[in-house]
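With chain C fixed as given, assemble chains P and L onto it according to the hints.
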Amino acid sequence: MTLMTIITKMAEGFEKTCAIFFLTLLFAIPLGMIIALLRGSKFKPFSGFAKVYISVLRGTPLMLQLIAVTYGPYYLFGISVSRNKLIPVVVAFAINYAAYFAEIYRSGIESMPVGQYEAAQVLGYSRAQTFFKIILPQVIRRILPSITNEIVTLVKDTSLAFTVSYQEMFTIGKQIANSQTSFVPFIVAGAFYYVFNVLVSFVMGRVEKRMSYYKI
Amino acid sequence: MSILKMSNIQKSFGDNHVLKDISLHVDKGEVVSIIGPSGSGKSTLLRCATFLETIDAGTISYDDRNAAEMKNGKIAYVKNLNDFRHVFGLVFQNFNLFPHFSVLKNMMDAPVSVLKRDKNEVREECLTLLRKMGLEDKADSYPCELSGGQQQRVSIVRALAMNPEILFFDEPTSALDPELTGEVLKVIKQLAEEKMTMVIVTHEMAFARAVSDRVIFMDKGVIVEEGHPEEVFGNTRSERMKQFLQNYNKD
Amino acid sequence: MSKKIIAIILAAAIGLACLCLAGCGAKQGAETTAPEESTSENAVPMRFVMGIDAEYPPFSEIGADGKYTGFDIDVCKAVCEYLGWEFDIFPVNWDNKLIQLDSHECDCVWSGMTILDSMKEAGYVISRPYFDNTQVILVKDGSDIASSADLAGKTVAVMLGTSGEKLLNEELQDLTASFKELTTCDNFLQCFTELDGNAVDAVIVDKPVAEKYASENKGFKVLDENLGEEQYGIAFRSGDEAICAQVESALDALVADGTYAKIAENYPDIQGNLIFLN
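Protein chains in written order, with the numbering used here: chain C, 1 to 216; chain P, 1001 to 1251; chain L, 2001 to 2278.
Next up, chain C with everything else stripped away, as it sits in the complex:
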């Protein structure tokens, strides 16, 4: 197999890797915020639910969650497994990453000085205005480095989709490697991931720079 064929074949899988990556972020970032808000809620059932959610999803391997989300519905309710594997894969990744994002948000929200809330309250801001105008922008600024960390991890974690036979780049790379007894696909995979992460770091670096116009 020529290097060109290997790269072409793996590039096809890379589209799926990107799909997992972007869709996971799209859903996990807001879902994590909801979990974080529930976690901080004074209403016990909400905060209790969020605590259990975070504990279970952080306490079990993502690989297991992928299998559970993909095949659980079939075993429990007899619902056939989706032919479009992207759906269960993204659901599993999103609920898993939401748990991590929720904890990052929480640390950010809890690090906010109480004076910011009080100043907003005295000025008459509603609770929603206080959260979205005053607190959230500062929280984002504070947690951005941790978020970047998670995003870089996500790029590499996408390879776990092989567990449920989603033909993303690394799954294909492994198949080629073992079929052709060649290490080249692994080198190609490494290059793909590295270049992707360099891009991610560059973009996040730009975002951080744009937000660092003030000191906390």
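Simulated from the structure, these hints should not be mistaken for lab results.
On a predicted model such as this, the values are computed, not experimentally measured, just so you know.
For each residue, glycine too, the CB sits at the ideal point set by N, CA and C.
Hints may contain errors.
[Said to hold, decoys possible] Only pairs whose alpha carbons sit at most 20 Å apart, straight line, appear in this in silico PhoX-like list of lysine-lysine:
{"id": "1", "chain 1": "P", "residue 1": "Lys1119", "chain 2": "C", "residue 2": "Lys133"}
{"id": "2", "chain 1": "C", "residue 1": "Lys16", "chain 2": "L", "residue 2": "Lys2067"}
{"id": "3", "chain 1": "P", "residue 1": "Lys1116", "chain 2": "C", "residue 2": "Lys133"}
[As the list claims (entries may be wrong)] To give an idea of the chain C side of the interface with chain P (calculated C-beta under 8 Å), a few residues:
{"id": "4", "residue": "Thr60"}
{"id": "5", "residue": "Gly115"}
{"id": "6", "residue": "Ala119"}
{"id": "7", "residue": "Pro137"}
{"id": "8", "residue": "Tyr213"}
{"id": "9", "residue": "Tyr214"}
{"id": "10", "residue": "Ile216"}
[Unchecked claim] Computed from the model, here is a short list of chain C residues facing chain L with C-beta under 8 Å:
{"id": "11", "residue": "Thr8"}
{"id": "12", "residue": "Leu64"}
{"id": "13", "residue": "Ile67"}
{"id": "14", "residue": "Ser80"}
{"id": "15", "residue": "Lys133"}
{"id": "16", "residue": "Leu136"}
{"id": "17", "residue": "Ser165"}
{"id": "18", "residue": "Gln175"}
{"id": "19", "residue": "Asn178"}
{"id": "20", "residue": "Tyr193"}
Same frame as chain C, now just chains P and L:
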């Protein structure tokens, strides 16, 4: 006419009885200073007046409208406290400016997004205020770029931008280096001359004496002395206040 | 909590629920097109999805052109053609192959799969065996290892989840106990690389895999000793006896008309072990 009236206020934190049946009224155009040792409850009183703390018993009213009163032996706050929040402004010890907003945005945001006022009109007003305070060149700066004194002056104009009827100051110079307190006190003095109604919790005795129409000395959750500054400082009756002033003068 | 925040949370929750429903909807949609429903003869041709391990040459692998290829695939294609079925491939995750078979991701597992009693006990329908597989020892040329007896005190590699691993941990426990160390690798390539790089002294592996590797790479030899005999078969879901019978009769026909032998000619490494031809 009283702008603020607080009667028989009680407030405890656990077993700690911080305010014991305190009553206070502030008339329009009056400048009232509250002094007293730390832990005397003066900051708590201010925080109760601005709804940052809820009182356990008593009545709070602004412009003769009750914001909190006793109903069936229990304290009851009106539903929409925001109607009352527009009446007063509060200047914090630690400024509590919004660090991600520029100076102008710090001032303009609440009038525009809370009071729903016209943006351009608010901008003109805010720029005028900044000019008056000698801060016009700081409009586009961020709080982190300002000195402590400048930050506190900005937090004063932020409160003023809401056009409050009464302005509270919670130890406005305590977080500042001594050489920076002067510029803040000058601003407050200027406001007093313009007949702004103000309640100032402070440790600056000379300033309180010079600027106030009335001085209140608090200790251990009660008002010990109250009256014209010359009377309170010049003719101190209570032992506790004498002691306090003595300790204070030693520093 | 303010109404706005509640509204936002609700909206997001509904959005998430929609996502889940869409997922389930898609799953249900897939169910209606699942193969069993169309087994009645005069309906649209039945779609038969072959579950393969895409990392198992020469039975099933990715060929030089990047397409799935291999002996099992060629045979299955011929079977489908013979039966008039629509042929499709699903690369399974070998560790989860039975889960994936159960959940209708594929209709059989047909990929150099060792027949295990446990599969029959679990209710899976297993075809007649078609391949005699033996476990052999692969060493480097010039190695002093000539038989399993020489493995005492040596480091040996085996692939995780293969019948070789099972053999070493069950029937050949005593032999395993004589090793200095048993290394389990995630895939064959890793086993061979460990051997090539002198990290291990021998690899215990399926005979066809070992022979293909030794023939394509210089400096390796396969020892003659057979460590364990086992056979390959095709697994179907429980209740799919009829499909299994159809596949078996098609195989008989292909053997009879010589198609099977013709396919086997392209795979000289394994020809000698094909039960139907020997």
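Now the hints, each set against the structure:
no.	hint	result
1	Lys1119(P) x Lys133(C)	holds (17 Å)
2	Lys16(C) x Lys2067(L)	holds (18 Å)
3	Lys1116(P) x Lys133(C)	holds (15 Å)
4	Thr60	violated (37 Å)
5	Gly115	holds (4 Å)
6	Ala119	holds (4 Å)
7	Pro137	holds (5 Å)
8	Tyr213	holds (7 Å)
9	Tyr214	holds (4 Å)
10	Ile216	holds (6 Å)
11	Thr8	holds (7 Å)
12	Leu64	violated (11 Å)
13	Ile67	holds (7 Å)
14	Ser80	holds (4 Å)
15	Lys133	violated (12 Å)
16	Leu136	violated (11 Å)
17	Ser165	holds (5 Å)
18	Gln175	holds (4 Å)
19	Asn178	holds (4 Å)
20	Tyr193	violated (18 Å)
Hints 4, 12, 15, 16 and 20 from the list above are not met by this structure, while the remaining hints are.
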